[in-house]
Amino acid sequence: MNAVDINTANAQFETGTTIRNLITYAVSFTLLVVAGFGIYNILNMLIYEKMNDIAILKATGFSGNDVQYIFMSQALIIGIIGGVLGLLLGLGLSLLIDQAPFETDSLPTITTYPVNHDPMFYVIGIVFALISTFLAGVLPSRKAKKIDAVQIIRGQ
Amino acid sequence: MDYVLEARNIDKYFKKPVLFQVLKDVSFGIEKGEFTSIMGKSGCGKSTLLYILSTMDTDYDGELFINGKLITGQDQRSLSRLRNEHIGFVFQFHYLLAEFTVLENVMLPAKKLGTYSNEEIRVRAMEKLRMLGIEKLALKKASQISGGEKQRVAIARALINDPSIIMGDEPTGNLDSHNAANVFNIFKQLSVDQGLSLLIVTHDDDFAKKTDRIIEMSDGRILK
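Chains as they are written, first to last, in this note's numbering: chain A, 1 to 156; chain B, 1 to 224.
Hint data in this document are derived by calculation from the structure and do not stem from the laboratory.
Where is the CB? At the ideal position from N, CA and C, for every residue including glycine.
All the given hints hold, so there is nothing to weed out.
Covered stretches of chain A (in silico footprint by chain B; criterion: 3 or more residues with CB under 8 Å from a CB of chain B, positions within the stretch not fixed):
| no. | segment |
| --- | --- |
| 1 | 47 to 55 |
| 2 | 140 to 154 |
Some but not every residue of chain B turned toward chain A, in silico, with C-beta under 8 Å:
| no. | residue |
| --- | --- |
| 3 | Ser47 |
| 4 | Met56 |
| 5 | Asp57 |
| 6 | Gln76 |
| 7 | Ser80 |
| 8 | Arg81 |
| 9 | Arg83 |
| 10 | Asn84 |
| 11 | Phe91 |
| 12 | Tyr95 |
| 13 | Leu97 |
| 14 | Leu108 |
| 15 | Pro109 |
| 16 | Lys112 |
Just need the whole structure built from these sequences, with the hints factored in.
As structure tokens, this is what we get:
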């Protein structure tokens, strides 16, 4: 008879888990960075489309800071709505997956896919969404602030 | 002499592509209730001067006074507030915000100023629209009205904060003669009835002849 402690027996399992977690975080992070760049792109294009409107706001008495605030809020609204929708979608999917049957010898007590509903994941998710949209909004909104109203109006 | 607007020794240079002096020692004053037009050949500097007087262009030498206060050298935020409160601007192109209604467009500068409540602003905006004969367009989207109507909305918007002076950069340039005459009459009435000062850059001889005073410019100078 051989006695092996649980940590030694599960060592291989643990290593695998650590690396798999690392991969998951790396992939998620990359996806979010890509999404952030997408928002940055959209906001930049939006400013080009809205150049006339920005010029008229400035001519009417809105300051550069006001204009910057408008575009920053736009970025954050995208972040909040997108983040919340993402969390709801994630919650929905994870609840569904939680119902899916799953049996494996190495985990005899499990009958359905084991899903970790730790609220921290949701917190991390929304915080990251807000941070990445905030960062995506900084440069475009600063550009909008600096737009020279006279140049645009006379360009017509 | 109580000038609503006064320019003293204004010089301006364009730096690109080469150094070029576009305004040379420009000095003059506009009194309360004076309806003034600026005329001159293309390139004489009249529009450049107008944008300096509007506080939107701060790259010049010389001094600018509005209602007796020195404007030159103030920071962007103060200039924006000044523009909001004392200057109404009408461009050749209407520049309305297309997704908003006529009423919302007119209310916008007043909302920024923040002196009145939203309800009071709505009432005042309707008043201005009524003055210009377009109150029935109040709830229409700005993109859905005719050119002449759009320009009248732009004028209503310029008036919403009861400015000391209205500045215009060829406001009738895109209008047919009927609408152009309309715009002139509205301006004239405002200067006579409400003591509003006006400074209008124009190419339109008929328009300029009927104003109180014509400032003629050539090569960056005012011709006396």
